[in-house]
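Undergrad: The lines below spell out each chain.
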Amino acid sequence: MPNQNGKLYGLTFLAPIIDDKKATPSHDLQIRAYLATLPTDQNSPFAKAPSTHLCRLVVMDDVVFVGHPAHEEHLKSKYLIFETNCDSDATDYLTGLAKTIPQQLDAIWSHCVGYPGAANLSEFLSYMKACQLKTTFFFAAVNDKSLPESLRALATQRAVVDFIADHQGMDPGRLQSEFKQFLAELKACPIPEPGAMAPLRNIKTGGRNE
Amino acid sequence: MSKLNETDIQGFVLRGYNLPFARHLFLHFEDSARARKFIFELLDQITTGQRWDHGKPESTLNIAFTHRGLVALDLPTATLLSFPVEFQEGMKRRAEILGDTGASDPTKWDELWQKDGIHSWLGISAVSPEALDARSAQLQSLMSETNGATLLGSQDAASLFFDGKPCNKEHFGFTDGFGNPDYLGVDRDSQPGQGKLMPDGTWQRLATGELLLGYADEAGELPPAPVPHLLASNGTFMVYRKLHQNVATFRAYLDSQAANYGGGKEKLAAKFIGRWRDGTPLELSPDQPDQSIVMDPARSTNFTYANDPSGTRCPIGAHVRRVHPRDAFGFNGKLIDRRRITRRGLPYGKAALENEPITDSDERGVIFIALNASLVRQFEFIQQQWINYGNDAHQGNDKDILMGNHGGKGRFVVQGDTNLANPPLVCSHLPNFVELRGGDYFFLPSITALGMIGMDLVDPR
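From first to last, the protein sequence lines stand for chains H and F.
Throughout, my numbering is defined as the position within the first sequence, counted from one, plus 42.
Throughout, my numbering is defined as the position within the second sequence, counted from one, plus 255.
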C-alpha cells in the first residue's frame with residue numbers, strides 16, 4: 043500500500059491551476075497570496091480539521107531549466123500540490139476536510155481547473171480523487187500512532203517528567219497518594235489541540251539559518 | 256595528503272601553544288592605506304605553524320579580521336561579497352540562531368562588543384606576564400608609528416593558577432581541553448578518540464578541509480571560501496566568545512541537586528559533564544576518577560557510547576556526549592564528522608578555591624575560541640542544534656546543561672546507574688551557568704593572504 047505506512051496515510055494531490063490571461067492577478071498568485079496568510083499553529087485550518095499530522099501546500103510554476111546541455115522542458119500547466127500525513131484514507135480524510143473547513147478549501151482550490159466546491163461532497167470527493175497521485179515513498183513523522191494518540195502521548199510524557207522532577211525523594215506513602223491524584227487529573231485532561239504544543243521559536247527553520 | 260606548508264599557516268591554527276598567558280587586542284582601522292602599512296610591517300612577527308626546534312618562544316602573535324575589518328581595508332567588493340553569509344553578518348546578527356538571547360542578548364554584552372568598531376584581533380600568547388607586556392608594548396608602538404590602527408580594548412586570559420602552578424582547569428573545577436580533533440597533514444601527535452571513528456573501531460584523522468580553506472573536507476568538497484583562492488587557501492574562520500561563568504550559581508545548584516542524589520556531589524558533577532573533574536571519562540571509569548587514564552594518551556579520549564545506550568555510565572545529555580557525540584547517534588559516528596571544531600582559548604579571572612566566597616558578578620569565565628572551515632556547518636550547527644536544542648541527542652527540547660541558555664527552565668536527566676541505591680535524578684529549573692558577554696566571527700588568513708592584504712594585491716579576477 044504505497045499510500046499507507048502502518049496506520050498512517052501519506053496522500054498526494056496535484057491540481058492544475060486555471061490559466062486565465064484576463065485574471066488579475068493570475069490564479070497562481072492568488073493562491074500564493076492566500077496561503078501566505080494562513081497561520082501554521084493551532085489556528086491553521088488543517089489543524090482544526092481532523093487527523094492531519096502534517097501537510098504542505100506548494101504552488102509549482104514550472105520545472106526549472108538548469109542550463110545547457112540539459113534538455114529544456116516545461117509543464118503543461120501550473121499545479122497546486124497538496125501533501126498530507128493523516129490518519130485515514132482519502133475518502134474519510136477529504137470528507138473530514140470538506141465538513142470542517144469548506145470555506146478555506148474553496149478559497150484555495152477555486153483557482154484550480156474544474157473545482158466543484160466543497161459543498162457538494164460527492165463531487166468534491168470525485169474531483170480530489172481524480173487529482174490524487176499514488177504516494178510512492180513518504181516520511182512518517184510519528185511511530186504508527188493516530189493523531190489523538192500522539193498528542194496524548196506527548197502531553198503525558200511532559201506531565202510525567204514534571205511529576206518526577208517535582209516529587210523526587212518524597213516519602214513513599216505520600217508519593218503514592220500524589221501519584222494517584224496525578225493519574226486522575228491526567229486522565230481528565232483534554233487532549234491538546236493539534237499544533238499547540240510546539241515551543242515558541244523566534245526563528246523559522248530552513249533558509250534563514252543556512 | 257602531503258604535509259601542509261607550515262610556513263604559510265598561522266601557528267594558532269595548527270597547534271595549541273600551551274602557553275599560560277594570553278592577551279587579545281581588538282583594533283579599529285581608520286584609514287585603509289595606513290592600516291595596510293601596519294599589517295605589512297607586522298608580517299614578519301606573525302607566528303607560523305613551524306615547529307619550535309629550539310624551544311618555545313617568549314611570546315607568539317597571530318592576527319584575524321572581522322568582515323567589517325576587511326571592508327575597512329578596502330578589499331575588492333567582489334571579494335567581500337564572496338565570503339560566506341554568516342561571516343558577513345557577524346555573530347551579533349546571528350544571535351537568534353545561536354540562542355544568544357535573554358541574559359546573553361547582544362544588548363547586554365560588554366561595551367567593547369556593543370559597538371561595531373572591531374576590525375581586527377591580535378592574539379598574543381606568552382610564557383610570563385612580563386613577556387606579554389613587552390609584546391603588547393611593541394605592538395602599541397607599531398600602531399602609533401604607522402598610525403595604522405587604534406586599540407579599542409583588550410582582554411587578558413590565563414591558565415588558572417593553584418599554589419603558584421598553572422593547570423588546565425576552568426572555573427567550575429573541570430579539567431578542560433581534551434577534545435581537539437586530528438587533521439590530515441597537521442604535524443601533531445595523534446591519539447585515539449580525537450579524529451573520526453572508522454567502521455573497524457579505529458580512529459583516523461579528519462579531512463584537512465574541516466579546518467583549513469582550500470582543501471577537501473569530509474564530503475570531498477572544498478568548503479565555501481572567498482575569491483581569489485589564494486586569499487582563502489591555508490586560512491580558516493575563528494569564533495571568539497567571551498563566556499562569563501556564574502560560578503556561585505553553579506556551586507549552589509550542584510550542592511542543592513547533590514542533596515537528592517545517591518551518588519554524591521562529585522559523581523553528580525561528573526554526570527553533568529561526562530568527565531570527573533580531574534578529566535577521567537565517565538565512560539571508562541563510572542565510579543571514581545582515575546588519573547592513570549587521564550595521563551594515558553592511548554586512553555584519555557579513547558571511548559565510544561555504543562555500549563552505554565541507556566546512559567548508565569555517561570548520561571545521554573552529559574555535556575561532552577552532546578557536543579562530541581562520537582558514535583552516540585549511530586552510523587559508526589558518520590553523522591558527526593562534519594560537525595567538529597578545534598578549540599583554543601583560556602580562562603579569564605582569578606582562580607577561586609572550592610571554599611572561597613564568590614559571587615556571580617565576579618569577572619570569571621572562559622575566552623572560547625573555535626576554529627573551523629565553515630562557521631555555519633560546524634560551530635553554528637553545534638551551538639544551535641546540540642547545545643540549545645536536544646533532538647539529535649534524544650533529549651527533546653532539553654538544552655546542554657552547562658552551556659544552554661536555560662533562563663530558569665529546562666531539565667537535565669541523570670539516568671540511574673548500576674548501583675540500585677543511586678536511582679535516576681531529574682534536575683530542573685536550570686539557571687544559566689554560562690552567559691555570553693561579547694564576541695564575533697573572524698577570518699584568520701594565511702601568511703600569503705596577509706601579505707596580499709598588506710600590499711593591496713587582493714585581486715578577485
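Hint data in this document are derived by calculation from the structure and do not stem from the laboratory.
Backbone N, C-alpha and C define an ideal beta-carbon position, used for all residues, glycine too.
Fair warning: there could be bad hints in the mix.
Quick list of simulated restraints, FRET-style, between CB atoms [said to hold, decoys possible]:
#1 F:674 x H:234: 36 to 44 angstroms
#2 H:101 x F:336: 25 to 33 angstroms
#3 H:221 x F:585: 54 to 62 angstroms
#4 F:300 x H:103: 54 to 62 angstroms
#5 F:367 x H:90: 46 to 54 angstroms
#6 H:225 x F:674: 25 to 33 angstroms
#7 H:188 x F:336: 44 to 52 angstroms
#8 F:419 x H:215: 54 to 62 angstroms
#9 H:114 x F:336: 46 to 54 angstroms
#10 H:101 x F:474: 38 to 46 angstroms
Over 12 angstroms on every C-beta distance to chain H, these chain F residues come out as not near it, computed from the model [to be verified]:
#11 326
#12 389
#13 476
#14 510
#15 515
#16 542
#17 609
#18 617
#19 653
#20 673
#21 674
#22 678
#23 679
#24 716
From chain H, some residues computed to sit far from chain F (all C-beta separations above 10 angstroms) [unchecked claim]:
#25 113
#26 187
#27 203
#28 224
Undergrad: Take the hints in turn and mark each one as holding or not.
TA: Against the structure, the hints come out as follows:
no.: 1; hint: F:674 x H:234: 36 to 44 angstroms; verdict: holds (38 angstroms)
no.: 2; hint: H:101 x F:336: 25 to 33 angstroms; verdict: holds (31 angstroms)
no.: 3; hint: H:221 x F:585: 54 to 62 angstroms; verdict: violated (35 angstroms)
no.: 4; hint: F:300 x H:103: 54 to 62 angstroms; verdict: holds (57 angstroms)
no.: 5; hint: F:367 x H:90: 46 to 54 angstroms; verdict: holds (51 angstroms)
no.: 6; hint: H:225 x F:674: 25 to 33 angstroms; verdict: holds (29 angstroms)
no.: 7; hint: H:188 x F:336: 44 to 52 angstroms; verdict: holds (51 angstroms)
no.: 8; hint: F:419 x H:215: 54 to 62 angstroms; verdict: holds (56 angstroms)
no.: 9; hint: H:114 x F:336: 46 to 54 angstroms; verdict: violated (30 angstroms)
no.: 10; hint: H:101 x F:474: 38 to 46 angstroms; verdict: violated (32 angstroms)
no.: 11; hint: 326; verdict: holds (23 angstroms)
no.: 12; hint: 389; verdict: holds (44 angstroms)
no.: 13; hint: 476; verdict: holds (16 angstroms)
no.: 14; hint: 510; verdict: holds (15 angstroms)
no.: 15; hint: 515; verdict: violated (5 angstroms)
no.: 16; hint: 542; verdict: holds (22 angstroms)
no.: 17; hint: 609; verdict: holds (25 angstroms)
no.: 18; hint: 617; verdict: holds (30 angstroms)
no.: 19; hint: 653; verdict: violated (10 angstroms)
no.: 20; hint: 673; verdict: holds (20 angstroms)
no.: 21; hint: 674; verdict: holds (16 angstroms)
no.: 22; hint: 678; verdict: violated (9 angstroms)
no.: 23; hint: 679; verdict: violated (8 angstroms)
no.: 24; hint: 716; verdict: holds (23 angstroms)
no.: 25; hint: 113; verdict: holds (27 angstroms)
no.: 26; hint: 187; verdict: holds (17 angstroms)
no.: 27; hint: 203; verdict: violated (7 angstroms)
no.: 28; hint: 224; verdict: holds (15 angstroms)
Hint violations for this structure: numbers 3, 9, 10, 15, 19, 22, 23 and 27, all remaining hints satisfied.
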